[in-house]
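Participant: So the chains spell out like this:
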Amino acid sequence: MSEIKSFNLQKAFEASGVKEVLDELDRDLIGLLPVKTRIHETASLLLVNKAREELNLSKIQPSLHMSFTGNPGTGKTTVAMRMAKLLYRLGYVRKGHLVLVTRDDLVGQYIGHTAPKTKEILKKAMGGVLFIDEAYYLYRPENERDYGQEVIEILLQVMEDHRDDLVVILAGYADKMDKFFSSNPGFRSRVAHHIDFPDYSDDELFEIAIKMLKEQNYVLGDNAVTILKEYIAKRREQPHFANARSIRNGLDRAILRQANRLFNKGDVELNAKDLSEIDYEDFALSRVLKSKPPTQP
Amino acid sequence: MKITQGTFSFLPDLTDEQITKQIQYCIDNDWAVGIEFTNDPHPRNTYWEMWDLPMFDIRDAAGILYELNACRKVYGDNHYIRLSAFDNTHGWESIKLSFIVNRPKVEDPGFRLVRQEVDGRSIRYTTQAYSTDKPSSERYRD
Chain A
846 MSEIKSFNLQ KAFEASGVKE VLDELDRDLI GLLPVKTRIH ETASLLLVNK AREELNLSKI
906 QPSLHMSFTG NPGTGKTTVA MRMAKLLYRL GYVRKGHLVL VTRDDLVGQY IGHTAPKTKE
966 ILKKAMGGVL FIDEAYYLYR PENERDYGQE VIEILLQVME DHRDDLVVIL AGYADKMDKF
1026 FSSNPGFRSR VAHHIDFPDY SDDELFEIAI KMLKEQNYVL GDNAVTILKE YIAKRREQPH
1086 FANARSIRNG LDRAILRQAN RLFNKGDVEL NAKDLSEIDY EDFALSRVLK SKPPTQP
Chain B
658 MKITQGTFSF LPDLTDEQIT KQIQYCIDND WAVGIEFTND PHPRNTYWEM WDLPMFDIRD
718 AAGILYELNA CRKVYGDNHY IRLSAFDNTH GWESIKLSFI VNRPKVEDPG FRLVRQEVDG
778 RSIRYTTQAY STDKPSSERY RD
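Those protein sequences? They're chains A and B, same order as listed.
Taken in order, the first sequence gives residues 846 to 1142; the numbers are from my numbering.
Taken in order, the second sequence gives residues 658 to 799; the numbers are from my numbering.
Since the hints were derived computationally from the structure, they do not count as laboratory data.
Be aware that one or more of the hints could be misleading.
Cβ-Cβ distance ranges computed for the label pairs, FRET-style [stated by the list, open to error]:
#: 1; chain 1: B; residue 1: Leu710; chain 2: A; residue 2: Ala1129; range: 34 to 42 angstroms
#: 2; chain 1: A; residue 1: Glu1126; chain 2: B; residue 2: Asp685; range: 50 to 58 angstroms
#: 3; chain 1: A; residue 1: Ser1046; chain 2: B; residue 2: Lys730; range: 47 to 55 angstroms
Among the chain B residues that face chain A by a calculated CB cut under 8 angstroms, a handful are [stated by the list, open to error]:
#: 4; residue: Trp708
#: 5; residue: Pro711
#: 6; residue: Asp714
#: 7; residue: Asp717
#: 8; residue: Ala719
#: 9; residue: Val771
Ideal placement from N, C-alpha and C gives every residue a C-beta, glycine not left out.
The following block holds chain A by itself, in its conformation from the complex (with noise of 0.2 angstroms):
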């Protein structure tokens, strides 16, 4: 067997395809600065650890189990469908599928459920990558008997003994799972990679509601661009705002009432443009603009 002397970490880096995962990282997702840093590091630190064993310098397989920490509505899923894609093409998983559960599809009903159905979702992961959403809920600590400590457990056990089998990444709030965190020292230690999402700036928000009008093959009308940023800073200031999704959720009743505005003309022919311009009208009638900022109680 010949021994290999060098490694070309720029050619591996391109022919191991994740180059375009990265480049796809940055220009489909708007904003996240620290987010694709931290995966351009991650990216870069795995790459060279494959570069160390084919040298023969290294032989552990690295903790790749990661937390993501954010507010809602930030991006957390879609990034660590990139990162299922990201680890697969560097060959540290061998599917790069991407498991979603929160603690209903882990916690049994009864005593004697949890276990078989933590590890059937468990099998279901393995060569995957497991993301459990908002996973401090997994411990309660006001009720002892929370089956939700049974999952912890096999989780732990797993996540140490087939490293090489399955990437858990836990998701959540970031100050509710910094006490799951303090609470559970097993899994401090045993999660490499803690990365923070930030919340949206207006101005980001206003490029992600183009972004998501442009998919749906709507465009914005130009006397609705003052608005929308006026409504951003409005729906950002009411209880239960989540970043992006409320953002989503504003531009469907947009053209919830686009489609009533049009169907209200009566009989008139619309064109093409017609049918894509979501007009200033379409925002003006929004409860958020209407309200005043909540009072705190």
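Given chain A, work out where chain B should sit, using these hints.
Facilitator: This is chain B only, laid out in the frame that chain A set:
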């Protein structure tokens, strides 16, 4: 005596690595892999006990190997374990591949030939496993 049933049984026992590759082949063909075990090695004993349910919706062999190891932990010392891959394509709906992945830790005592005298001088032949002379809980133990 080495029991030869199912695919690969005349070859040396498969290693875990080889088993993994066979499982992956089954999964890639969309067959559902099930784990079965028995301590009655008679060739006409077709229906073995199932370990859990056949596994659908699994993408990677590691998931099946995980269950297989769990089964080995419980039954590995004194049972045969086999994997069966079921093809649910319409018209097939049957096992496409089945092979032994675990043998009892003690040597199989083999089979005895039983002669039954019937109707005058006629004789009927049948085989019987020595292991089944004992009750189920005592088979394949030193």
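Participant: Compare the structure with each hint and give your call.
Facilitator: Here is how each hint holds up against the structure:
Taken as a hint, the range 34 to 42 angstroms is violated for the pair Leu710 of chain B and Ala1129 of chain A, whose Cβ atoms sit roughly 56 angstroms apart. As the Cβ distance of Glu1126 of chain A to Asp685 of chain B is approximately 54 angstroms, the hint placing it in 50 to 58 angstroms holds. Checked against the hint of 47 to 55 angstroms, the C-beta distance between Ser1046 of chain A and Lys730 of chain B comes to roughly 54 angstroms, which is consistent with it. With a least beta-carbon distance of about 12 angstroms to chain A, the hint placing Trp708 of chain B at the interface is violated under the 8 angstroms criterion.
The beta carbon of Pro711 of chain B comes no nearer than 12 angstroms to any beta carbon in chain A, farther than 8 angstroms, and the hint placing it at the interface is violated. Taking 8 angstroms as the C-beta contact cut-off toward chain A, the hint placing Asp714 of chain B at the interface holds, the least distance being around 6 angstroms. About 2 angstroms separates the beta-carbon of Asp717 of chain B from the nearest beta-carbon of chain A, less than 8 angstroms, and the hint is met. Restraint check, Ala719 of chain B versus chain A: the minimum CB separation of about 4 angstroms is within 8 angstroms; hint holds.
Nearest Cβ of chain A to the Cβ of Val771 of chain B: about 42 angstroms, over the 8 angstroms cut. The hint is violated.
The structure fails to meet hints 1, 4, 5 and 9 from the earlier list, while all remaining hints are met.
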